[in-house]
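I would like the entire structure built from these sequences, with the hints used as guidance.
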Amino acid sequence: MAHKLVIVESPAKARTIGGYLGQGYVVESSIGHIRDLPQSAADTPAKIKDKPWGRLAVDVDNGFEPFYVVPRDKKSHISKLKTLLKDADELYLATDEDREGEAIAWHLLDELKPKNIPVRRMVFHEITKPAILAAAENPRELDMDLVEAQEARRILDRLYGYEVSPVLWKKVMSGLSAGRVQSVATRLVVDREKERMAFKAASYWDLEGSFDAGSGADVRMFPAKVYSVDELRVARGSDFTDAGVLKDSAAGKVVHLDRPRAEALASALADTRFDVRSVEAKPYRRSPYAPFRTTTLQQEASRKLGMSASVTMSVAQRLYENGFITYMRTDSTTLSGGAVEAARSQVRELYGAEYLPDAPRTYASKVKNAQEAHEAIRPAGETFRTPGQTGLTGEQFRLYELIWMRTVASQMKDATGQSVTIRLGGAAATGEDVVFSATGRVITFHGFLKAYVEGTDDGKRSDDSETRLPQLAEGAAVTAASVTADGHETKPPARYTEATLIKELEDREIGRPSTYASIIGTILNRGYVYKKGTALVPAWLAFSVIRLLEEHFPRQISYEFTAVMEDVLDEIAGGRADRNSELAKFYFGTGDVEGLKTLVDELGDIDARDNATFPIGGADSGIQLRVGRYGPYLETVSKDGEDDDGNATGKRANVPDDLPPDELTLAKAEELFKNPAGEEIELGSHPDTGLQVVAKNGRFGPYVTELLPDDAKKGTKPRTGSLFKSMSLDTISLEDAVKLLSLPRVVGADPESGDDITAQNGRYGPYLKKGTDSRSLASEDQLFTITLDEALKIYAQPKQRGRAAAAPPLKELGNDPVSGQPVVVKSGRFGEYVTDGEYNATLRKDDSVEAITLERAAELLAERRERGPAKKGAKKTAKKATAKKATAKKSTAKKSAAKTTAKKAAKKSTAKTSAAKKS
DNA sequence: CAGTGAGCGAGCTTCCGCTTGACTT
Numbered sequence: 001m002a003h004k005l006v007i008v009e010s011p012a013k014a015r016t017i018g019g020y021l022g023q024g025y026v027v028e029s030s031i032g033h034i035r036d037l038p039q040s041a042a043d044t045p046a047k048i049k050d051k052p053w054g055r056l057a058v059d060v061d062n063g064f065e066p067f068y069v070v071p072r073d074k075k076s077h078i079s080k081l082k083t084l085l086k087d088a089d090e091l092y093l094a095t096d097e098d099r100e101g102e103a104i105a106w107h108l109l110d111e112l113k114p115k116n117i118p119v120r121r122m123v124f125h126e127i128t129k130p131a132i133l134a135a136a137e138n139p140r141e142l143d144m145d146l147v148e149a150q151e152a153r154r155i156l157d158r159l160y161g162y163e164v165s166p167v168l169w170k171k172v173m174s175g176l177s178a179g180r181v182q183s184v185a186t187r188l189v190v191d192r193e194k195e196r197m198a199f200k201a202a203s204y205w206d207l208e209g210s211f212d213a214g215s216g217a218d219v220r221m222f223p224a225k226v227y228s229v230d231e232l233r234v235a236r237g238s239d240f241t242d243a244g245v246l247k248d249s250a251a252g253k254v255v256h257l258d259r260p261r262a263e264a265l266a267s268a269l270a271d272t273r274f275d276v277r278s279v280e281a282k283p284y285r286r287s288p289y290a291p292f293r294t295t296t297l298q299q300e301a302s303r304k305l306g307m308s309a310s311v312t313m314s315v316a317q318r319l320y321e322n323g324f325i326t327y328m329r330t331d332s333t334t335l336s337g338g339a340v341e342a343a344r345s346q347v348r349e350l351y352g353a354e355y356l357p358d359a360p361r362t363y364a365s366k367v368k369n370a371q372e373a374h375e376a377i378r379p380a381g382e383t384f385r386t387p388g389q390t391g392l393t394g395e396q397f398r399l400y401e402l403i404w405m406r407t408v409a410s411q412m413k414d415a416t417g418q419s420v421t422i423r424l425g426g427a428a429a430t431g432e433d434v435v436f437s438a439t440g441r442v443i444t445f446h447g448f449l450k451a452y453v454e455g456t457d458d459g460k461r462s463d464d465s466e467t468r469l470p471q472l473a474e475g476a477a478v479t480a481a482s483v484t485a486d487g488h489e490t491k492p493p494a495r496y497t498e499a500t501l502i503k504e505l506e507d508r509e510i511g512r513p514s515t516y517a518s519i520i521g522t523i524l525n526r527g528y529v530y531k532k533g534t535a536l537v538p539a540w541l542a543f544s545v546i547r548l549l550e551e552h553f554p555r556q557i558s559y560e561f562t563a564v565m566e567d568v569l570d571e572i573a574g575g576r577a578d579r580n581s582e583l584a585k586f587y588f589g590t591g592d593v594e595g596l597k598t599l600v601d602e603l604g605d606i607d608a609r610d611n612a613t614f615p616i617g618g619a620d621s622g623i624q625l626r627v628g629r630y631g632p633y634l635e636t637v638s639k640d641g642e643d644d645d646g647n648a649t650g651k652r653a654n655v656p657d658d659l660p661p662d663e664l665t666l667a668k669a670e671e672l673f674k675n676p677a678g679e680e681i682e683l684g685s686h687p688d689t690g691l692q693v694v695a696k697n698g699r700f701g702p703y704v705t706e707l708l709p710d711d712a713k714k715g716t717k718p719r720t721g722s723l724f725k726s727m728s729l730d731t732i733s734l735e736d737a738v739k740l741l742s743l744p745r746v747v748g749a750d751p752e753s754g755d756d757i758t759a760q761n762g763r764y765g766p767y768l769k770k771g772t773d774s775r776s777l778a779s780e781d782q783l784f785t786i787t788l789d790e791a792l793k794i795y796a797q798p799k800q801r802g803r804a805a806a807a808p809p810l811k812e813l814g815n816d817p818v819s820g821q822p823v824v825v826k827s828g829r830f831g832e833y834v835t836d837g838e839y840n841a842t843l844r845k846d847d848s849v850e851a852i853t854l855e856r857a858a859e860l861l862a863e864r865r866e867r868g869p870a871k872k873g874a875k876k877t878a879k880k881a882t883a884k885k886a887t888a889k890k891s892t893a894k895k896s897a898a899k900t901t902a903k904k905a906a907k908k909s910t911a912k913t914s915a916a917k918k919s
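The first sequence: position 620 = 620 (UniProt numbering), numbered continuously.
Check each hint, because a few of them may be wrong.
Here are the simulated distance ranges between beta carbons [unchecked claim]:
hint	residue 1	residue 2	range
1	Lys532	Gly475	51 to 61 Å
2	Asn62	Gly338	47 to 57 Å
3	Asp212	Gly431	18 to 28 Å
4	Gly391	Gly216	51 to 61 Å
5	Ala667	Ser733	32 to 42 Å
6	Tyr559	Lys82	39 to 49 Å
7	Asp157	Arg72	15 to 25 Å
8	Glu560	Ala243	24 to 34 Å
9	Glu195	Gly306	25 to 35 Å
10	Lys366	Glu195	39 to 49 Å
11	Ala243	Asp275	31 to 41 Å
12	Ser310	Ala619	13 to 23 Å
13	Glu560	Asn525	19 to 29 Å
It should be emphasised that the hints constitute simulated quantities derived from the structure, not laboratory data. All C-beta atoms in this analysis are idealised placements derived from N, C-alpha and C, irrespective of residue type, glycine included.
Laid out in structure tokens, this is it:
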């Protein structure tokens, strides 16, 4: 039976709209984008892999043609849509009416390829029955200019991300990333930290008085602060620069009180009679806040409910899917007509008509690049459920309540009242004329504040706070109950939190509602930033990355880059600019501006070593910080203290993981050299030597060592020993440590050669050593238990065979159709792989030992074979390798364990495989 | 950054934006 197929983006939306359209329509969703540039090498089709631009999947030399693929997890969904399309007599592409939505519609069209049926583009901005029916009646055509604008955005982001990230792999650390959005977000955090590092606190004093208005006053006691001394205003925090000195604008106009002066004044005012010099009353008026959009919801959920951006979004997602709220990824503050009515009727019911403005309030978008494909975030439906009526609990309840209150409040009247400033003056015993100032606020009509008060980030006073002052007339006499001197220091700018960083990004038009939460996730995952409480602290790694980007990609990492890009995209969407020429400007450059490609090609200019080095406490301090593979460390430098390679030959000291950069002062650095960081766990003194035994985390993982006395002979090295796999730093005992330090153990002498056979723990695990001949041991315990006889038995066997039997393949799959050889799955240094004895192919991300079939294995092997034995006689090596491979088995497991510990040791940063490789 | 002996499948990492389940505990 024929139907009209309508495709929207979200399944929840499809359900709702399906209900409105009724019979004759089938409403399905695309579940977001259905095609994209291939994300990784595994997803890149073989036919473009070999092209010079294959890695980018954009043919930069031929019109920046993108090569799209349907991601694996979308394939079945596409078949489902194709099936539905077979029985359809009309196709409605009803994705969002913004750049991305238009592109999704075009991708659907291009991928589904409907034949001989009309295709229409249907758009709507609110999900109500009349709006949907009207939209179905008034379809339009696909806007190809808008699609081109989206492609330009997509391709630019790909080129930026996939060209600049590899620069970081080469020059900073493997696995890092750069991008139009994340790099600027990281830069914001780094720049803020730099401001904090450069900040010098200024100290200033003032006077705090408690005044008595007399027994007849409506408010008797009230506080006031000193305002001026001899008509010069007393300096406050905002009069100082970040360098800790008075601003030019304040010079000559303020008096900067220090402690002696403030204390002298305070005591000279003890018996002073004050009179009211002026009373100034101003009306106070506050309008309600606009309904929530994604960023404001994230900020308020953070301030009021303590939710991270990602938690907020997933709770909101559940509320949306279950029909409690409208869509949560939006940059619009607009309410539909029905929503305004629903809010107004709840104002009337819950607060009374006096809280309801005569006309509905409307909120224009403050977001400059807003695309307004959705409504504001509000309770769903034409009438709002109060939180109590929803039956929700926990986080969902609290978030719903927040959204509900904000929405209702947005349709309430302004709050009004009065703010009053009273100035009191008197003469100090020492002769100065001193004026105090008190400010109060009284709210006479709370209006929307009755329903909702926005939170603050930095303890500023909230919109509903009140301070009452007495009714005083000019000239009235007032006495001071007490005057005390009060010391203050200016504070450095606060670090960003998730919520404030997101706000900053939105203000700068960077990122979109669907990505704000994940931007935070990206910079955390890369190890650029870590959280200390709610504050975002940049790692030194981020300083290194941002320095490289600032020096070599200044335009791309500028704060204005995205805003400028948005303007260009608008031009493309309006048909006034051309996609290809704009991309060419970005990638190849223009006459006066270098393009991205040129910058990347000039990579050789970047000195990775310099880029990772930061002087501490000025260039001549003799101490520098370096960002190393295992995290940041300090190094002493002297002018000529470098070897031929420019390596500093000085001392080194670790920097603790959680030491924020702005706390690493020169003094702190010197302290770290004295008391090397890295938790040292004291285990007690050694029963034989009496030396202190400690456990530490080192570059090869946890180990124990003994502390030599300061007067130890030069050249004596402390004994050390790695912890066994079964031990941990938290639980290790002195006995364990003593045993570890006793290694290597002499098992006995080889009767043939007379050489000692020793048992010791090494890089590849426990092993026996006799001269230069070594044999691995099966377990660490054997180090202590193995007897000479057993050791000799092990040595009696040839090296390889001893371990060959212990390494069977994980799975046998049958014979390869090409080579005819048996294909087996094995586990190796680099993970699981399949081999036919000649070629080896690593399993890809989506493969598993359990699920892999012979077909898939053959596919992987065929791919591998296609690349051929590219490297130095790989064929031979491969063969040889296979013969010996089994012997590598045991140690491989060990190695990957070492990898894990190295990773942990390498700070929270993402020291990828390279870390383990080097060690 | 604690110097610890073999011989050993390389290949991939990465962007931004639009959307949900699929996983396991």
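Look at the Cβ atoms of glutamate 195 and glycine 306 and judge whether their distance stays inside 25 to 35 Å.
-> holds, 27 Å
Can the suggested window of 39 to 49 Å be confirmed for the beta-carbon pair lysine 366 and glutamate 195?
-> violated, 26 Å
Is 24 to 34 Å right for how far apart the beta carbons of glutamate 560 and alanine 243 are?
-> holds, 26 Å
So the hint says 51 to 61 Å: do the beta-carbon atoms of glycine 391 and glycine 216 match that?
-> holds, 55 Å
So the hint says 32 to 42 Å: do the beta-carbon atoms of alanine 667 and serine 733 match that?
-> holds, 37 Å
Does the hinted range 13 to 23 Å hold for serine 310 and alanine 619 at CB?
-> violated, 41 Å
Hint says 31 to 41 Å; check whether the CB-CB distance for alanine 243 and aspartate 275 agrees.
-> holds, 40 Å
Does the Cβ-Cβ separation between asparagine 62 and glycine 338 fall within 47 to 57 Å?
-> Holds - the Cβ-Cβ distance for asparagine 62 and glycine 338, about 50 Å, lies within 47 to 57 Å.
With 18 to 28 Å as the target window, see if aspartate 212 and glycine 431 comply at their CB atoms.
-> holds, 24 Å
CB of aspartate 157 to CB of arginine 72, is that within 15 to 25 Å?
-> holds, 21 Å
Regarding glutamate 560 and asparagine 525, is the given constraint of 19 to 29 Å on their beta-carbon distance met?
-> Cβ of glutamate 560 to Cβ of asparagine 525: about 26 Å, so the range 19 to 29 Å holds.
If you check the beta carbons of tyrosine 559 and lysine 82, does the distance land in 39 to 49 Å?
-> At 45 Å between Cβs, range holds.
Violated hints for the displayed structure, listed by number in ascending order: 10, 12.
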